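Chains as they are written, first to last, in our numbering: chain A, 330 to 601; chain B, 504 to 835.
Just so you know, the hints here were simulated from the structure itself, not pulled from any lab data. Note that this is a predicted model, so its numbers are computed, not measured. For every residue, glycine included, the Cβ atom is placed at its ideal position computed from N, Cα and C. Don't take each hint at face value.
Unchecked claim - One-sided and incomplete, this derived list gives chain B residues near chain A with beta-carbon spacing under 7 Å:
no.	residue
1	Ser531
2	Gly545
3	Asp546
4	Arg548
5	Glu551
6	Glu559
7	Leu560
8	Leu651
9	Ala689
10	Leu803
11	Pro804
12	Arg807
13	Glu808
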Amino acid sequence: MKVPLLSLLCLITSVATAAPQRVLSLNLCTDQLLMVLLPPQRIVSITWLSRTEGDPALLKLAQQLPVNHGSPEEVLAARPDLVLAGKYTTASTRALLQQVGIPVLEVDSAADWEGIRRITLQVAAALGAQSKARELLADMDADLAQLAHERPVQPIRVIGWGGSAEDVPGRDTLFNTILESAGGVNLAALDNGARSFDLEQVLLADPQVVMRGAAYSGKPSLRNSVATHPVLREKLGAHMIAYPEAVYGCGVPRASQLARELATTLRSASGP
Amino acid sequence: MKGKYTVSLWLAGGLLLLALLSMLTGRSGFMTPGDLTGALQGDSRAAELTRLILVELRLPRTVLACLVGAALGLSGAVLQGLTRNPLADPGLLGVSAGAALGAVIALYTGIGMLFALAVPMLGLLGALAAATLTLSLGSGGGTLVLILAGAAVSGLMLAGTALVLNMAPNPYAAYEITHWMLGSLADRGWDQVWLTAPFILVGAALLLGTGRALDALSLGEQQAASLGVDLSRLRRRVLVGTALAIGAATAVSGTIGFIGLVAPHLVRPLTGHQPARVLWPSAMCGALLLLLADVLTRLLPLDRELNLGVLTGLVGTPFFIALVLRLKRVAP
Numbered sequence: 330m331k332v333p334l335l336s337l338l339c340l341i342t343s344v345a346t347a348a349p350q351r352v353l354s355l356n357l358c359t360d361q362l363l364m365v366l367l368p369p370q371r372i373v374s375i376t377w378l379s380r381t382e383g384d385p386a387l388l389k390l391a392q393q394l395p396v397n398h399g400s401p402e403e404v405l406a407a408r409p410d411l412v413l414a415g416k417y418t419t420a421s422t423r424a425l426l427q428q429v430g431i432p433v434l435e436v437d438s439a440a441d442w443e444g445i446r447r448i449t450l451q452v453a454a455a456l457g458a459q460s461k462a463r464e465l466l467a468d469m470d471a472d473l474a475q476l477a478h479e480r481p482v483q484p485i486r487v488i489g490w491g492g493s494a495e496d497v498p499g500r501d502t503l504f505n506t507i508l509e510s511a512g513g514v515n516l517a518a519l520d521n522g523a524r525s526f527d528l529e530q531v532l533l534a535d536p537q538v539v540m541r542g543a544a545y546s547g548k549p550s551l552r553n554s555v556a557t558h559p560v561l562r563e564k565l566g567a568h569m570i571a572y573p574e575a576v577y578g579c580g581v582p583r584a585s586q587l588a589r590e591l592a593t594t595l596r597s598a599s600g601p
Numbered sequence: 504m505k506g507k508y509t510v511s512l513w514l515a516g517g518l519l520l521l522a523l524l525s526m527l528t529g530r531s532g533f534m535t536p537g538d539l540t541g542a543l544q545g546d547s548r549a550a551e552l553t554r555l556i557l558v559e560l561r562l563p564r565t566v567l568a569c570l571v572g573a574a575l576g577l578s579g580a581v582l583q584g585l586t587r588n589p590l591a592d593p594g595l596l597g598v599s600a601g602a603a604l605g606a607v608i609a610l611y612t613g614i615g616m617l618f619a620l621a622v623p624m625l626g627l628l629g630a631l632a633a634a635t636l637t638l639s640l641g642s643g644g645g646t647l648v649l650i651l652a653g654a655a656v657s658g659l660m661l662a663g664t665a666l667v668l669n670m671a672p673n674p675y676a677a678y679e680i681t682h683w684m685l686g687s688l689a690d691r692g693w694d695q696v697w698l699t700a701p702f703i704l705v706g707a708a709l710l711l712g713t714g715r716a717l718d719a720l721s722l723g724e725q726q727a728a729s730l731g732v733d734l735s736r737l738r739r740r741v742l743v744g745t746a747l748a749i750g751a752a753t754a755v756s757g758t759i760g761f762i763g764l765v766a767p768h769l770v771r772p773l774t775g776h777q778p779a780r781v782l783w784p785s786a787m788c789g790a791l792l793l794l795l796a797d798v799l800t801r802l803l804p805l806d807r808e809l810n811l812g813v814l815t816g817l818v819g820t821p822f823f824i825a826l827v828l829r830l831k832r833v834a835p
């Protein structure tokens, strides 16, 4: 009996030492996974975007962590044990890092709850943070169960714009997953792909709520101009809500909390 | 060659018909003239909605298409007259790119948020700077030098725009502006009309007043001077007029190419080549072309509305190539 116990102990120690101690992220969404899965001292740096456009709940932490701008030089200088990258992180950076022997984990973007479960477990396995991941996913499942319980009989009719009328996210997006879990339906969405949906179409669709993506850092933006159109203000002013677009694009377990917050907002904004 | 007013009358008739079509056309489908009169008389909720769509969305869009198109057509005709160059146009001379740079500076430095007039005013300043630069670099050097000066100034203005986007604090800036530069009149309202119409109208008035001087100039610079035309004053007037009209037009619609180039060429066979007789018809033809393009963007069955600049570029480029080929044949 002694021998297997000893080998198990060795195995645990080797897993613990194998877990990367210094991890760097090159993508806004992997930033969020990294910040919730690992303690700050094991994070080398996250992307600069997370300081302004990241998850509001993680902003304070993001502002305390070092940031990178995605250049290979920054990564090479930092010498991390592992780099988390998105699917669209430049191929040349990834190739260079592989060349010098820095492991890169390419993380897919997730557009539904199953996808979120999959990538969270994938990243957690690479970081050696499985128990934290299970905890987060259990919270996510609890949120989803609660949302399913509260779901209105008739979905709330929503027009969901990305930043502006020129960009309506399709049904195959995380935005739509969050919206539908929150009890809404996007009247403007196509089955796949984005489309434009102008003010005239919005008025004719007669929505209960208009949701508009916004960069909440409050920097000057052209996208705000359509939201200030007098017709929209007059007809739907009280029923317009803004959501942080960058956060709704990241498939991480916290998306279920966003869905719960949205469900509450939709209920109050869809009223008379 | 038709009588002096016949061409203008035909163009005005066409413009009226297209304006009516523009009022009846939306991306969600056509309205019949019956719907239109019903909406103006009825007091049901549907009638109120239709009225709102007609008065607050389609009418300002139609008015803006006419104003912007006229500004482009007219300034194209005047620039072609002033430079005695058939390829002159606000786009090719870098004026549109200058206006875009001014507008982008206003939009992304936050100046545009301080007061609404900032965007057209900076657009105007950008257009003025670009026009001054192109005309001073390219004057007296013939067709080729002017076009090269225009290309150089366009390049400079685009580089400036890229610089502003590079430094913009908003991470979506590049995406937004790339889209904006493709030109569009979608979802514009009366606010934009009131903001830009005065600039465009004053600019157009200045440009329309250059007819006689341009006629004299068509005989040659010395002949024009001997006929009493103050050339530097004419040049200043064209500069300010173009900057006012194109600066304000670009600030509201984004960059729209080729209308200024094509409109004068389309009307010349009907009006004759005397510059003064081309001005009014070019303005109306420009309005007609842009209105037509804008109606087409709404009619094409695409998930994403096609941008105006894309459409005018697709149609205008072959025309430009044909002009270049003709110039090649004619040139010694």
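Those earlier numbered hints the structure runs against, lowest number first | 2, 3, 4, 5, 8, 10, 11
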